[in-house]
Amino acid sequence: MLFEQNRKRIFSLAYQYTKNKEDAEDILQETFIKTYNYLDKYKVENETNFSSWIYRIGINCSIDYLRKKKNKKEDFSDWDKWEKTIGSNHSNPEHTIGLEQLREKISHLVEELSPRQRMTFILKHYQQFSIKEIAEYLDCSEGSVKKQLFRAVSAIRSPLKKYLWEKDYGMQKI
Amino acid sequence: MACKKYKEKIVLHLYGELGENDAKDLMAHIEGCADCAEEFAYTQKIFQVLDETKTDDIPEANWEKCWNTIDVGIQGKERKKKSFLLYPRWAYASAALLIVFTVGFFFGRMAFLKPAESRSMLLEGSQSAMYPSIQEHFESLKPVLVEYANYTASPENGTITIDKNIVRNLIIQNILLKRMIADEDPSTKEILEDVDLVLREIANQEGDDAHTLSMIKELIQERGILYEIEVSKTI
Ligand SMILES: [Zn+2]
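As given, the protein sequences belong to chains A and B, one line each in that order.
Residue numbers are given in this note's numbering: position 38 of the first sequence equals residue 38, and the series is strictly consecutive.
Residue numbers are given in this note's numbering: position 106 of the second sequence equals residue 106, and the series is strictly consecutive.
Among these hints, one or two may not hold up.
List time: in silico DSS-like cross-link candidates among lysine-lysine, alpha-carbon distance up to 25 Å [said to hold, decoys possible]:
1) A:Lys161 / B:Lys45
2) A:Lys161 / B:Lys5
3) B:Lys4 / B:Lys45
4) B:Lys54 / A:Lys132
5) A:Lys132 / B:Lys7
Here are the in silico distance ranges between beta carbons for each label pair [unchecked claim]:
6) A:Lys41 / B:Glu64: 28 to 34 Å
7) A:Gln128 / B:Asp163: 28 to 34 Å
8) A:Asn20 / B:Ala153: 43 to 49 Å
Note that these hints are calculated values from the structure, not bench results.
Here the structure is a predicted model, which means the values were calculated and not measured.
No residue lacks a Cβ here, since even glycine has one placed at the ideal position from N, Cα and C.
Let the sequences and hints guide you as you build the complete structure.
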């Protein structure tokens with residue numbers, strides 16, 4: 001169904017993006033209200049499949065939502081907070097980080113990405129769209145998607161280095 | 001300098017986004033460059049870690065809250081209509097008269113329309129994948145409408161239980177399609193308006209008493225919705 005299928009897809013994207021149920025609900029609502037308001041435009045342009053079109057609105061609503069939220073948020077980094085709490089338990093290099101903590105750390109690192117980088121990463125890594133599709137959704141060039149993606153992966157990759165030891169992940173201590 | 005370029009390519013390669021020649025070039029470079037070889041191994045590990053730590057748990061949204069906000073946002077202030085069933089009986093009776101008149105007028109007018117005009121692109125849904133199909137929408141409406149249209153008040157019949165969320169989804173879907181049709185297809189738009197009325201009654205239906213169920217049944221019959229839906233297939 002038009003509404004049924006799309007609401008689930010958009011909610012799940014918005015949730016993966018914000019990691020917050022209420023935020024994802026807000027994005028879902030905003031997406032459908034915008035969809036309704038833009039329907040005239042869709043009919044005129046008519047260049048794309050309807051579900052892709054709604055999905056694109058959902059992506060843009062998510063990015064806008066996060067931008068607004070980031071502007072409001074006080075200036076402290078979740079990452080610093082994380083380092084002070086969980087991170088400090090791992091000051092002993094003999095210890096390796098558990099999977100649950102690693103998951104939490106990755107989640108914080110993804111949250112630290114800029115709204116657009118975060119979306120590029122989610123669309124590629126978790127939703128598994130091609131770079132070409134992402135470029136269409138984000139209305140930018142494939143080159144720009146590649147750059148964003150590289151930066152996002154680098155931003156996640158570097159801080160994790162010190163936590164990944166040979167014991168768990170086959171990595172040499174660096 | 002060249003290594004920076006290869007480091008970008010490593011990420012693309014792991015996402016399967018590197019062409020054959022570029023991939024060969026990358027592998028050749030890695031064989032001769034310890035730095036990039038380490039980068040490759042580490043990035044591969046990171047991808048593995050990302051996969052291992054991935055969770056697919058998506059919570060269930062509060063659909064009722066979402067639905068209400070969407071409905072209010074879409075309909076704006078114009079929709080502050082009272083429930084149709086809450087009108088006094090005399091109002092209902094005169095409304096029914098008006099329907100008879102309008103439907104009569106409408107069919108009279110239909111006769112003057114060329115077939116091509118009474119048929120919208122939306123009705124051809126499956127031929128044109130660009131548009132969600134009105135016919136698919138009608139198909140998803142039918143089970144709900146038939147359920148109410150077949151209702152007969154008797155002790156053994158009990159009540160009708162329908163998931164309100166399904167009905168709410170149908171309402172939003174109905175609104176979106178109605179707006180897409182706009183004035184291109186007046187006959188289909190009219191059906192969707194009637195459908196909207198009935199679905200809202202079902203969604204707002206508090207009690208499952210025989211009286212309310214019979215009223216919804218009457219509304220479906222008065223408006224000839226199931227008949228209209230069938231006719232729209234053959235146009
Ligand atoms: Zn190199």
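Violations among the numbered hints: none
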